[in-house]
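Asker: Now for the letters of each chain:
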Amino acid sequence: MADSLQKDEKKYLFDNPKNVKRVLYGLYTICAGLFLIDFVFHRHVEHTAERIYGFYGIYGFVACVVLVLLAKEMRKILMRKENYYDPEGEE
Amino acid sequence: MTSEFALIAAPIIPLAAALLVSLSGKIPNLRDSFSVLAGIILFGTVVSIVPDIMAGGRPAFTVVEVMPGLALGFLVEPLGMLFALVASGLWIVTTIYAIGYMRGHEESNQTRFFASFAVAIFASIGVAFASNLLTLFMFYELLTLSTYPLVTHQRTDEAMRAGRVYLGILFTTSICFLLFAVIWTWVITGTTDFTPGGILAGKAEGATVGVLLALFAFGTGKAALMPFHRWLPAAMVAPTPVSALLHAVAVVKAGVFTIMKIVVYIFGISFLASTGSNQWLIWVASATIVLASLVALTKDNLKARLAYSTVSQLSYIVLGAALANQAGVVGGSMHIAMHAFGKITLFFCAGAIYVAHHKTKVSEMNGIGRQMPITLFAFLIGSLSVIGLPPFGGSWSKWFITMGAYEAEQMIPFAILMVSSLLNVAYLLPIVFRGFFLAPKETSDDGHVGHVSDHDGPSPGIWKIGALREAPLFCVLPICMTAFGCLVLFFYASEMHKMLLPLGAP
Amino acid sequence: MDYFGLYNYWIVIFLMMTGFYIVISRDNLIKKLIGLNIFQTSVFLLFITMGKVKGGTAPIINHHFDTYSNPLPHVLILTAIVVGVATMAVGLSLVVRINEAYHTIEEDDIHLVEEEP
Amino acid sequence: MPDALHPAFLFFAGALLVALLRGKAQALVALLVPVVSAVFVIGLGAGDGWTVSFLGYELQPFRVDRLSLLFGYLFHIAAFIGLLYAWKAGDTLQRVSGLLYAGSALGAVFAGDLITLFVFWELLAVTSTFLVWGRRTPRSVRSGQRYILIQILSGLTLLAGTIIYFVDTGSLEFSFIGLESGLGAKLIFLAFGIKCAWPFLHNWLTDSYPEATPVGTVFLSAFTTKVAVYALARAYPGTELLVYIGAAMTAFPIFFAVIENDLRRVLAYSMINQIGFMVVGIGIGSELGINGAVAHAFNDVLFKGLLFMSMGAVLFRTGTMNGSNLGGLYKSMPITTVFCMVGAASISAFPLFSGFVSKSMVVTAVLHEHHNVVWFILLFASAGVFHHAGIKIPFFAFFAHDSGKRVKEAPKSMLIAMAISAFACVFIGTFPSISLYRILPFAVDYVPYTATHVLTQCQILFFSALAFTWLKLSGLYPPELRSVNLDVDWSYRKLLPAVSRGVYAMAKTSRAAIDAGGLAILRKLGQAYYGLNGPASRLARTWPTGSIALWAAVLLGVYLVMFYT
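Chains as they are written, first to last, in the working numbering: chain C, -14 to 76; chain B, 10 to 515; chain D, 26 to 142; chain U, 33 to 597.
The hints are simulated quantities; they were obtained by calculation from the structure and are not laboratory data.
Please note: incorrect hints may appear among the correct ones.
So the derived label-pair ranges between C-beta atoms look like this [claimed, not checked]: (1) His136(D) with Thr165(B): 17 to 27 Å; (2) Leu54(C) with Tyr89(U): 50 to 60 Å; (3) Thr217(B) with Val535(U): 33 to 43 Å; (4) Glu31(C) with Arg470(U): 37 to 47 Å; (5) Lys66(C) with Leu557(U): 49 to 59 Å; (6) Ala78(U) with Asp0(C): 48 to 58 Å.
Here are the computed lysine to aspartate or glutamate pairs in the DMTMM-like style, where the Cα-Cα straight-line distance is at most 25 Å [said to hold, decoys possible]: (7) Lys57(C) with Glu90(U); (8) Lys6(C) with Asp434(U); (9) Lys(-4)(C) with Asp123(U); (10) Lys440(U) with Asp123(U); (11) Lys507(B) with Asp547(U); (12) Lys437(U) with Asp0(C); (13) Lys526(U) with Glu58(C); (14) Lys308(B) with Asp547(U); (15) Lys526(U) with Asp309(B); (16) Lys218(U) with Asp309(B).
We put the CB at the ideal spot given by N, CA and C, even for glycine.
Hey, can you work out the whole structure from these sequences and the hints?
Answerer: As structure tokens, this is what we get:
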């Protein structure tokens, strides 16, 4: 259904996989750059943990992965059907 | 007009009105004008006493002295002033509403109805201004009698049954307990006069005080303390103006007023608090507050729900009296007025919905707000006032009663007052949001716009403007007035508080 | 002891016992009522004679006399006579009604009628 | 006599006027109300206000100082943006209740005593509920009922606390209270906490905000919680407990946000996360901490409003808010997409966007006070908020798998409202010292744009993005599923009804048993009485009058004898 509708429309920016790739490569480059700057640039440090090279990058990455994986586990306990709270009978 | 003259005139006006109404029964317009006119004159008369009371005056008038220490007499003090103001003020709007309702509904025996109505107000004024227990008792019983024809107005089996419960409970409690307590008080103290500071201090002690309080509290069946509350839901078969009169103006308020007056002027709050006999009453009142609210939650019939709500709210006032401190007594007294305005609005709305759409059940109220926006908006205001939310009057009385509970170190009643407000939200607001925000149920044909049950035919006087199907103008106008009153009372509370403050003086 | 000086009491006692006897021994309801009336009359006499003071005159104040009979019993009995007439009338009308219902005024017969199912 | 006009009354009067008007005139007047009121508010200075004597209390219903003034400005901006947004999508109900709601919020922040605060606190509750109910679906109506119950519970807690506090201390002044002054202070604290959506008290927010109308949610996001933040900053600055509460608030909602399907509910969770930062700042209590909290509240209204507006526009056009049904909307709603991404950047605290200049104040304040664990949690939350609000929202709504929905771009009025917000976000983010920092309650000597700070923030954000990319490409990322996730609301939506049904059934049976038992006793008594007095029973039998007369005489005789012996 959806595909047939799209056919007669023009191509949008991200319909071209190349553009998606470009964005991804851009992201990889920026990340690598930010990580490498840490070795060159002397940051102003207030907390001991900050002395680790690339601390913020690593922490951010790990935090997000942990967040998502934990949340995925939570689904097993918390997820219910969409109409779980709907009252039976009335309305 | 001096206060004394006004005091004498006040009971005579409704009595004269009753007479004129009976005589002019053949000409409905004349009859109804008499009712409204008498209401306005009475209210003006009562208002004329206010400045004197605010200045500390206590106008009095003795009709006849039966025996030494037993007299029939009137005396105005702040509490009675408040009750008289509420009763006479709301009589006007109730009369206007009743005219709209009775005509819209084509009820029979309207003359008897309006005459009984006037007699009931006469009794209420008598209760308000009674200067001693004997006078109070007489008018209290007269009030029961005069409202009986109103309760049984429909003359159906159900109405007669309700009337029997009504008379049965009210008379049994008042004669078995209240009269007994009055006589006992007279025997102990040699007087029944309402005296600031009380008359029992030093004359009674220990268990006597507790028993006497129990006789007074349960004897005043009109205050609907559990377990003597059944008459009130039973009386719901009456036409709506009667319910409004019973539940907001005259009957129930006369009950709680009596308890308040007895606590303040017979026991004396400092004496009562010092004996500790008030403890059990605090508990009974708290239990009534919460249980009646819970029962109200389970009722689908709108008027029954409101009736149980009234039972609960009345116990706020009894609780205020039972706390026996300044904040409690002042708050409880304020609640007489605040609840009167809120609840009468709710009943008016229930009646208006019935007149216009013949709907009585909460579950049928879906979508009614689109046809009756004014009524339902007023219902919202009344609900908020009864719940005790600003900017409506109910918030201040709740403030003082709660403060009284804390000052009396009654933490559980304190918490119950809070919980009760939440329960009020839970049983009152569904009507509002069903009416405004849910689409009407499509299954029933009766639920359609303005379509009333076949056997009745459309009621006369219904407004029809576009999609609107409001009740007759005479119904809608009083609703707006009382709803507006709820708002005014929020700002007027300061004056009322000032007037009532002497009640809490030790 | 002067048993006969207070002969009026003997008359009262005689009348009272007569009335009492009639009430408990007669079956005819009218006779019972007559007995009751005699009983009542005896009480009247008792009070009236008690009120008499020897040598006293009627209790109308007059400076020629200084001894009067006690007026209070007389007044009481005056009222009682009126009440008695009234109760008698009520009693008799009840008997009339009973007669209509049972076609007899004999108590035995009434009980017989009652005990029939 | 009042020498300054209270903006709340302008709003209330405006609401009345709006209720009487219809059509374009209505929308225009509604829009003018905050503008007119702002003219008055700009003229206000610290120290203005009124005092009145009411019910025997000396009250201060209107008090102006730097803290309240900042929120005053903020609420005017929020009301203006909200009403502009409502130009097309709003109706009378939403405009009126929106104005009343904004007016109540203003009343609450300008309240100088606890009674006035209570009055406006409850008004906030009631007026805002209509924005939830206004969607007119059974679902939103039920949600609104739960919402108002909890809001009123907060008001009642405040009432109880105020009464206890007043009786104990004799003061009704709404200024620093602190937790040490007894039960009253603790209850007031709790009341603020409910409106502030503390953990376990937060569910009203995630329950009702996604159920409100598109306009309603924009309004809701601006006022209730911010008033609570203001109240906490006023009465409980420096309360250490708040640091931990705030830290918990920043951390736990992001887990729910990841697995939530309704995108506005995702935003609601991220809202709790953002309020967490503010609460931490208030808990720190240093000048920097308070400034940070207040500044973040200011920015949050703008960027959260912007995000809710963009999502509202999507809802307005597509009629759905589920991530699983959306995607690819950048094709048909490009401008909305851009604004949404500005909001996302702001909430994630990208440099040059508003979140950056305020959130960093809080984080720095935490570091200054050596709350190490809290600092780690806040960093985690910063990464997490980018993850769900910064990436998930725009990605699933506008990019991701193309849902095939082709709709019109959002109405112009909505776009203008979003543009104003977006501009404010960028402007404050770029030039904080000439805009936001000027109106903060304390003097600011904080410089957000240092090389270290910019660098570390970029690192954390880009690596979070990298993590998202990796998880998405490797298929580890949880798919969007149509579902309901259990939260604290389970306790009152499932457990409580079940318990009360059980209790009700028990009460009913026991009541029936008591009734039956009582009736049985009464019936027995009646039968006994009937046995003695009924027809043909012993006492009712016809006795011969003669014997009765005799017995009466005998009894009297006995009595006579007994009397004289």
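Asker: Hint by hint, which ones does the structure fall short of?
Answerer: Those not satisfied are hints 1, 4, 7, 9, 11 and 16.
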